[in-house]
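Undergrad: Residue strings, one per chain:
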Amino acid sequence: MVTYIFFVLATLAIASALATIMSRSTVNSALFLVLNMVTLAGVYLLLKAQFLAIIQILVYAGAIMVLFLFVIMLLNVDDEETVFSKKTFRNAFGFLLGGVIMAQLLYAVAGYTGVLPDISSEMTYVGTVEAIGNTMFTEYLFPFEVTAILLTVAVVGALFIAQRNPKSQN
Amino acid sequence: MLSLTWFLALSAILFAIGTIGVLTRKNAIVIFMSVELMLNAVNLTLVAFSSFMGDIHGQILVFFSLCVAAAEAAVGLAIVIAIFRNNLTVDITKIKLLRW
Numbered sequence: 007m008v009t010y011i012f013f014v015l016a017t018l019a020i021a022s023a024l025a026t027i028m029s030r031s032t033v034n035s036a037l038f039l040v041l042n043m044v045t046l047a048g049v050y051l052l053l054k055a056q057f058l059a060i061i062q063i064l065v066y067a068g069a070i071m072v073l074f075l076f077v078i079m080l081l082n083v084d085d086e087e088t089v090f091s092k093k094t095f096r097n098a099f100g101f102l103l104g105g106v107i108m109a110q111l112l113y114a115v116a117g118y119t120g121v122l123p124d125i126s127s128e129m130t131y132v133g134t135v136e137a138i139g140n141t142m143f144t145e146y147l148f149p150f151e152v153t154a155i156l157l158t159v160a161v162v163g164a165l166f167i168a169q170r171n172p173k174s175q176n
Numbered sequence: 007m008l009s010l011t012w013f014l015a016l017s018a019i020l021f022a023i024g025t026i027g028v029l030t031r032k033n034a035i036v037i038f039m040s041v042e043l044m045l046n047a048v049n050l051t052l053v054a055f056s057s058f059m060g061d062i063h064g065q066i067l068v069f070f071s072l073c074v075a076a077a078e079a080a081v082g083l084a085i086v087i088a089i090f091r092n093n094l095t096v097d098i099t100k101i102k103l104l105r106w
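Sequences listed follow chains V and X, in order. If you read the first sequence in this note's numbering, its first letter stands for residue 7, the second for the next number, and so on. If you read the second sequence in this note's numbering, its first letter stands for residue 7, the second for the next number, and so on.
Hints are computed from structural coordinates only; laboratory data are not their basis. Remember, predicted model here, so these are calculated numbers, not experimental data. Heads up, the beta-carbon is just placed ideally off N, CA and C, and yes, glycines get one too. Some hints could be false.
To give an idea of the chain X side of the interface with chain V (calculated C-beta under 8 Å), a few residues [unchecked claim]:
(1) Ser9
(2) Phe21
(3) Val48
(4) Ala54
(5) Ala84
(6) Ile85
(7) Phe90
(8) Ile98
(9) Lys100
(10) Leu104
Construct the entire structure; sequences and hints are all you get.
TA: Next comes the structure, spelled out in structure tokens:
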């Protein structure tokens, strides 16, 4: 049963990733990326990482993609007429490099098939909110507090960069 | 139950698709979304290893990488808006400030 669910989710994830990079309209790309994030959250659930599945949907599909959609709507970007129809050097090089990277990664994974760990018996309770909170607020308390500073700096920086330059207005 | 290999293979395929997107598209926002795709693929690898080894630290690392991704998205989109304001385009082949 789990195997079937995984293959359905994997197919959906790969298809939506391909649709993300191939669709002409930027809004369609963003919506397909949301689908990709949701299917990945499903894969996280199969891996018994409930906390990260929820966070994936809340932060990625919820917050980051809404930010993307806002920017797309704000900028009113034109659709690209030619996505992959033109056979340029740039496209050929991109596909070649992507193919090489995929072949390398799959080769590396295939080479270590026998060495990879089997399912740990601790898997069922490692991903719960309780277990993650327990580790995060004891062992990783300082990095957790530093992320607050990071996010504050990011918001201030984003506001500063995106604001209208007062000198260029007059 | 599935073996770890399938999860790693899915992650590798998603990463490669993200790479192709970064290298072939011209729209800066779509390139940015492809980068998010690659980040997600790496997160999947981390979660898979973490679950299969029963080690929680991988999932904590994914949480921090999500935080950094959120910060990166905010700043990156602000840069895209700033570029659009100056050039009235987000086509990276038409932005020539640092090129000749």
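Undergrad: Taking the closest Cβ pair, is X:Ala54 under 8 Å from chain V?
TA: 6 Å, holds
Undergrad: Can we keep the X:Val48 interface hint, with Cβ of chain V closer than 8 Å?
TA: 11 Å, violated
Undergrad: Using Cβ atoms only, decide whether X:Leu104 comes closer than 8 Å to chain V, and label the hint accordingly.
TA: 17 Å, violated
Undergrad: Should the interface hint for X:Lys100 be scored as holding, given a Cβ-Cβ cut-off of 8 Å against chain V?
TA: The hint is violated - X:Lys100 has no Cβ within 8 Å of chain V, the shortest such distance being about 12 Å.
Undergrad: Hint check: is the beta carbon of X:Ala84 less than 8 Å from a beta carbon of chain V?
TA: Holds. Min distance 4 Å.
Undergrad: Using Cβ atoms only, decide whether X:Ser9 comes closer than 8 Å to chain V, and label the hint accordingly.
TA: 7 Å, holds
Undergrad: Less than 8 Å between beta-carbons is the criterion; does X:Phe90 satisfy it with respect to chain V?
TA: 5 Å, holds
Undergrad: If you take the shortest Cβ to Cβ gap from X:Phe21 to chain V, is it below 8 Å?
TA: 7 Å, holds
Undergrad: Using 8 Å as the Cβ threshold, decide whether X:Ile98 counts as touching chain V.
TA: With a minimum Cβ separation of about 11 Å from chain V (threshold 8 Å), the hint on X:Ile98 is violated.
Undergrad: Given a cut of 8 Å on the nearest C-beta pair, is the interface hint for X:Ile85 held or broken against chain V?
TA: Holds. Min distance 6 Å.
The structure is inconsistent with the numbered hints 3, 8, 9 and 10, although it conforms to all the rest.
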